[in-house]
Each structure stands twice: as C-alpha cells, then as structure tokens.
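2 protein chains.
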Amino acid sequence: MARRTGRRASQSNTLVQPPYRQLANNFAPVEVLSPEQVERIHASALDVLEDVGLRVMDAEARSLLREGGFKVDEATEQVFFDAERVMELVKLAPDVASVRGKDPQKRLKMGGGHLAISAVGGAPFVSDLQRGRRAGSHADLCDLMRLTQMLNALHMEGGCSVEPCDLPQDSRHLDVYLAACTLTDKPWKPQTVGAARARDSLEMAKILHQENNDQLAADPVFMTTTNTNTPLVLDAEIAQGVLTLARAGQVICVTPFALSGAMAPVTVAGALVLQTAENLASCALVQLARPGCPYIYGSFISNVDMKSGSPAFGTPEYTLGAQASGQIARFYGLPFRSSNVTASNAPDAQAAYESQMSLWGAITGHASVINQGAGWLEGGLVASFEKLIIDVEMLQMMGAWMEGLVVDDVAIGMDAIRDVGPGGHFFGTAHTLERYRDAFYTPLVSDWSNFENWTEAGAKDTSVRAHELCQTLLKTYEKPALDPAIGEELEAYVAKRKEEISRNGL
Amino acid sequence: MARRTGRRASQSNTLVQPPYRQLANNFAPVEVLSPEQVERIHASALDVLEDVGLRVMDAEARSLLREGGFKVDEATEQVFFDAERVMELVKLAPDVASVRGKDPQKRLKMGGGHLAISAVGGAPFVSDLQRGRRAGSHADLCDLMRLTQMLNALHMEGGCSVEPCDLPQDSRHLDVYLAACTLTDKPWKPQTVGAARARDSLEMAKILHQENNDQLAADPVFMTTTNTNTPLVLDAEIAQGVLTLARAGQVICVTPFALSGAMAPVTVAGALVLQTAENLASCALVQLARPGCPYIYGSFISNVDMKSGSPAFGTPEYTLGAQASGQIARFYGLPFRSSNVTASNAPDAQAAYESQMSLWGAITGHASVINQGAGWLEGGLVASFEKLIIDVEMLQMMGAWMEGLVVDDVAIGMDAIRDVGPGGHFFGTAHTLERYRDAFYTPLVSDWSNFENWTEAGAKDTSVRAHELCQTLLKTYEKPALDPAIGEELEAYVAKRKEEISRNGL
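Order-wise, the sequence lines are chains A and B. Taking the numbering used here, the leading residue of the first sequence gets -19, the next gets one more, and so forth. Taking the numbering used here, the leading residue of the second sequence gets -19, the next gets one more, and so forth.
Check each hint, because a few of them may be wrong.
Which copy is meant is left open, because identical chains are indistinguishable; a pair holds if it fits in one copy or across any two.
[Claimed, not checked] In the DSS-like style, the derived pairs of lysine-lysine whose C-alpha atoms are separated by at most 30 Å in a straight line are:
(1) Lys287 <-> Lys440
(2) Lys478 <-> Lys459
(3) Lys287 <-> Lys455
(4) Lys89 <-> Lys71
Keep in mind that the hints were calculated from the coordinates and are not lab data.
Take the sequences, apply the hints, and build the full model.
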C-alpha cells in the first residue's frame, strides 16, 4: 500500500505523495440513463445530423466529408450526415487512446477503465492570494507547469494553463511549447487554432522525442483539447488544427461547449443530443482524415443561470450530464473526456463543493480523461494557484477511493480483535504496528489538528495553507533531465519560427 | 419540476427552496465490496460475537440476553452470541423504519430506497463568524432548531444540535425537548443516556401528539442516535436508554464509533467487522426487548491520523466505509445510517470537500438516514451556523441529482434544435420559454456572478454569504402552530420534572 504514503510537503520541504500512476475504475459506473434513454439520445443525434447537419466552415474539411460520402451544401457550408455512414466511420476509432511524455514512465491510457488527469488549461487570468487576480504571464505559466510537473496526481500538462498575455499572440504558442518541453517530462497538449500552431507542436515533439512522423503516429504523444461552436458549427481554424493533428495520428478530442439554455436546449437531454451529434460528426471527420485515429468523446454539459445568464458549473445537472455522457460514450465504444469545474470567484467552500460535484460525476461516470483537473476557477477565466493545490488534494483522495478495500482474513485482523477484546484499543497490536505507516490516506493540504493547535499555528484556512504549499513547492522544483543538444535544437526551432512569423505572420 | 424552484433568500427575505420531501434512490448503489467480501465480513462478525462477545454493562440487558438464549459471563459482563440465534433475531427487524413529526406531512421512511436527513447533533461548542467559537447555549440551540425548521433539506432535528451548557446538566434534556416540541414540527430525537431521559422524551411525545403508548408504538415518532463503546462494549446507561425506547416501539439506531487504528483495527475491513458485530448484537438485544422493533444499522467508520492521533473525517477510507456499510446493511435487510463529516476547523474548502466525500459515500451507498447532515465542524465538536447553510446547499444539490433526468422527445426539444439550426442560440425558443423558470437547480448560497459583480458586492466568500443568510433567516422565522393547551401541558411537565430532579436527582 505504498500508494498511500505521504507526508505534508510544507513540513518537510520534500513532497511525499502517491506515485505517478494511472488511475483505474474498479467499481461499476453510476448509470443515470436507462438503456432506452441512451438509444433515444443516439437516435435523436443521428436525426439532427441528417436533417440539420453541421456547419463546417473550412473548405478542406467539407471536401473530405463530401468525398467521404456526405451531402454538402456549399452555400450554407452545412454538411448532412447519413446515419449509417457516420456510424461506419465512428466504429473505426479505437476504444482506448494513449499518449506519452518525454519520461518513458509517463505513458497514459485513456479508456478501457483507465483514467488520466490534466491540469487547468486556457485561462486568460491567473490568481494567487498574495498577488491577486491579474492577466496571465509567461512567468505564471511556467510556475503552473512546474507545479504540474511536481504533483503526481496530475498526469498531463493542461494545454497552456494560463495565457502568457505578455508575449506576442502569434508566436506565444512556441514559448508555451518550449516551456512544456523543458519544465515537465509529462505529456503536454498542442494548440489546435489553425494548422500552423498544430504543425509547430508536431515539429517540436519530433525534436523532443528525436523521432520521425511515423514514430509519432504509431505511438501518439498528443491529445487535443478543442471544441465545436455549439450549436452545430465547426470553426475553420479549429478544423484545420484538428485535421493537421489527426493526419499525424494524434489523439483527437473535440468537446462541444453545450451550455443548456443558451447554446443548447434548456434541458440536459437536449444538450446531450447536441453534444452527441457534434461528437459523431467530428469523429467521422477525423476518421476520414486518418482511419483508426484515436478519438475521445468530449463532454462539457452545464447550464446558464436563467435569472442572470451567468454560466453555472458543478451543479446537479453537471453531475448528471457527466454520468450520462459516460454512458453515451461507452455506447459508441469511445473514451470519454470530462472536467473539474466551478463558478466560484474564490478558492472557498463553493469552489470545493462544485468541483466535487463535477469530479464525482466524472469519476463515477468512468471518465477516461479529466481535463481542467486542477486550478480552474471562475468558470475557467482564472487559473488559481491555491485551487490547483486544493484540487490535487481532492484528486489524490479520489485516486485512493478508486483503489477500493482489501478485505481478507489478514486485513480484518481477527487475532488483534481477539487479543484486544472488549474495551481495549488497537494502538499497540502487531496488526497495527505492521500497517500504521501506510494504512490510510495522508493529506496534502487538509489540516486535521485540533482547534487549539490550528489556532496557535495561525488559524490558516485551506486557501492560505495551499498558498504556502505552492511557495514551498516552487522553491524546491527541479527541472527534469533533458539532453542539452535537444534543448538547443528546440530553442533554435522556436527562434527560427518566431523570425518567420514576425516576417510573414503565422 | 417545481422541485427546482428557488430564489436566493438573501435577496428576497423569503426563502424559496425545494419542498420538504423524502429523497429516493433512483440509481443503483455504488458497491465497493464483492459478494464474497460481504460474506467474509458477515462470517467474521459472527465469529467475533461467538468467541469474544460483547461486554454488556447493564444487568437488565444481560438478563434479557441470557433469557434470549445467549451465554453470559457475569464476572466479565461478557455476552457470547450464538450465530444462528443472532440471525434469527436480526431477521425480526423490518427493512423500512418510519418516524413522524408534529406536522402530519412530515413523515419519513428510512430504508427501502428512502433517505431522510437530520441536522447536526450533540456538539459541545457552537460557532459563527460574528461571535466566534464558544460553549453552546440554550439560545444557540434554539437558533439551530429554527434553522432546521426553516430549511426543507433537513428532514429531522439533529438530537440536540448543540449542548445548552448554560443549563443544569441533569435537567437540560427537558429544555431541549421543549424547544424541539415548540420550535419545529419536524421529527426530533430523544436522548438515550439513561432510562429517565428516554422516558421523559416518550412522555413529552405523548403530550405533543396527544396519543397513548400504544399509538406511539404503532406509529413511531423517534429514531435514537446512540452508540456502542467500540470495541465491543455496551455502556449501562446507553443500554437503559435503548431498552426504554425499544420497549416503546421506537426506531433504534446504535452506531459503533469504529475509529480505525484506535478503537478498531487499522484497516477498514477490520472496522467493518467490529461495526457489524456490534450492530448485530445491539439489534438482537432490541428484538428481545420488543420483537419486530425497527432497527437501523449504524455506521461511522473513520480512522485516526497515525502520525498525530487526530481523528480524520471525510477521507477516502470514510467514503469506502460508508459504501461498504450500505452493502452490509442491505445484506441483513436493515436500513442504514451514515453521516456528513469533516475535521476542518473552519467552514472552508476542506470542510466542503470532506463533507462531499462523506455525502457521496452515504448517498451512493444508499444510506437510509444521514445523521449530522448539516452543521458539523471540527469532527463534531462544533455546530457551525455557516457550515449548516453550506451543507444544506450541498444536500439540496444532491437531492436534485437523485431525481435524475427526463429524457424523452419533448425534453430533448428536437423542434427547437431544428429551428435554431447551426450557430444560433436557444434563449428565445418556445422550448426554452416554457421551461426556463424551473429548468435548473437554483442555489441557496452559491454565487455565480462574475468577478466584477462579486467584487463590487464585497468579495464575500461562501462562509460570509452563509453567515448573512443565517441572520436573514432567523429574522423571518415563524413558530409552527401548536395548540396553546398542549404547549402549557408540555411546560407543566417540564416544570414538574425539573422539580423532581432538583429534589431526587435524575
């Protein structure tokens, strides 16, 4: 049970935590839909694809779909999907996807009962208790990557945790990739807005892994995090990014942002139909680009507050939507992406309970990958350092829960129960002494001391303790090993491309 | 979907919330034990009862057990339980228990897929943001009862939410009962320390309901919250309280406090065995006192932090223990009690995520009753006003989750999807306009406003908003109707008993 070994990092300057390991589903998923309801959503999604279709704003993607057997209306850019042909294509996608980091030990399966978790991605703002809320910077991005590297509960970089707003927009993806290559040896994520950013990620992966296109395609390194524009639109730039990475054999995940009451019908059922239609269409396109390319069913169903129009996250509807999405993805034999979300403006009780609602939805829904796993605040507008630590605690706890219980005669300890008898205690029994070090989950930031000790230590709430732990961790961060020649080659590539971009644009 | 109707109470001075209603399990429970593991725990518990036995410190209870067919060692007070006979008795307990409040609409089933939730009980301290942490008082107790009465997510009073430490110890139970009779019309809980306190609760229930002993027994009003002294001791005073209420046909729940590594083996498996043994013995005793008396399997498995000796709550082990306890209780056809717990010293992120870990364990474990459902802080040392509100929000959310989804053609809204088409929005569709008022969960204390609005409103975190909501609610509290003659009769009983107690002791 080495998995539960841990020590409070803030007490020791050495972070002891559960090892970097893939999580696995040992229990049956929670199913909130009947098989008939899953069939109803499936049938309705196919109806939508046949009758309404998807507006595909990229000409190349439309050609591919036309050649693939679908009806295209060039005037409206709408593609109408024959149900049988869609399902034929969706069946080509494997039920398990994998990615890998620079460290050969950091290889992840997604699907088939395996779960991987990535850090927050794409936030425009960053916050911490000391410096407050501000636009993201390259320095913040690097700090978030360092924490992602250090914390074993995070399996993957988040896909640019926070926008480095202090860098030029057209070339900052190169700085993000370079940071990912050098600050972490975990899998990292490419950007899919346009073909050029996607190509740069592939080129840099080839340098980082010292591999060629075929090797990257045979054993993918990337999972995309991208989206349709719900309802029923695939943006041109995103289509180009997806096609570039699909042709390179990387793992594609397209997530409709199906906000019930706004971009989707005002019911979870309606949002599930749109989400499914957009996933089936995206998966079909990906299979036309490269048959057998891994595709992950992207799910992100929430709703707007119908009184204010604000988006809500981590609600009961979110939990149900995640669990239902899992059932639908399994119906297609596809891995399934979920998230860890909250609308809270502070790393407080609301942030924790909304995140828990979404995480339990993802985990009992048998998510294959949880994006935005740690650090998400304010509906994704902010990457919060404190929230990242709090989320990692929750992820560690859920990882320990997923391992289940050992129940056999040795674990039960009948001899100890007999020896102690009525009214005794178990502190000194051999059964206890043999096991106590690793018997139970050890927390990262939870404080279990009594009120007097807690008060004496400054009455620090969870967010304050998380802030301090961040500081301690960043002080002890060590860069993963990288052949200096590879580092130079990466830097040279970035310099060359920046020069090209400054001359010709992206 | 009127259930989801709600409005922020703090905005309106009128609390609009989901109605007072029984929760029901619509989804399959999460099972963390294999059937063989359940059998192993069952067999081990019977071994413990046969070989080690239970120390029963009350002579009357020992006589009952001896007459019931069990071997008793009077020198050690140990009772050894024949396995077959225990199981014969346990089978007499029904699989569903019920209690009722003064309001005939407030009738609760526990078991058979029904779930009831009670407020915090038994805390020696109380806290709120304004006045801090302090010893409990009668005024605090009354305020907590008022909130329990107002908040529909709480089905039952908690069994003295906080000790009124400003009242004499020997008679304060009378003040607690009087407060429960007059401040709430929900079911309330008797005290089981000694026969006298239990008898007083029955006498006051007879006055409150204007019923006789037979009527109370035929349709119980009380569920006990009491405990064994794990490992394997039944205290004399508790035995007397339990026997008094069992003979009166009330619902008995005995909960071993099986803290792994201290009073139970250092494994969850070992704690489950002790917990099961103590429940089976307690249930057998109850059946001997009154065959067919409702008995609820009490579960409260947690562990001590093996580094500091502090108890931990809401850990992964707690979640697993709750789900496993549910499986074991269902194996015996007994309803099952779980809890909402945290070790946090403040109503912060830790309090929320530990509570969520325990609530998800209880709810997916198909608990029949969740005690300590709202307000528990510091491992039960404190009843927190803010935590009570935060917990009610979480309970409301989980209640909405338990209701599941409507998935049919009408809910899906195919016409709306067709009408909106690619790139539109659903704000103005007929499908949305017909449903938007009650479409989604409406929060109690969660704040979904954006950062700018939240900052302008004072940047209040969840605990501050919860504090303000408490103040608003207490200002608008109204006493439930009670026949003044009954009120006078209750007061007269309390006065008479106080006089007797001051003269002769309890």
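Mind listing which of the numbered hints don't hold for this structure, in increasing order? Per hint list: zero violations.
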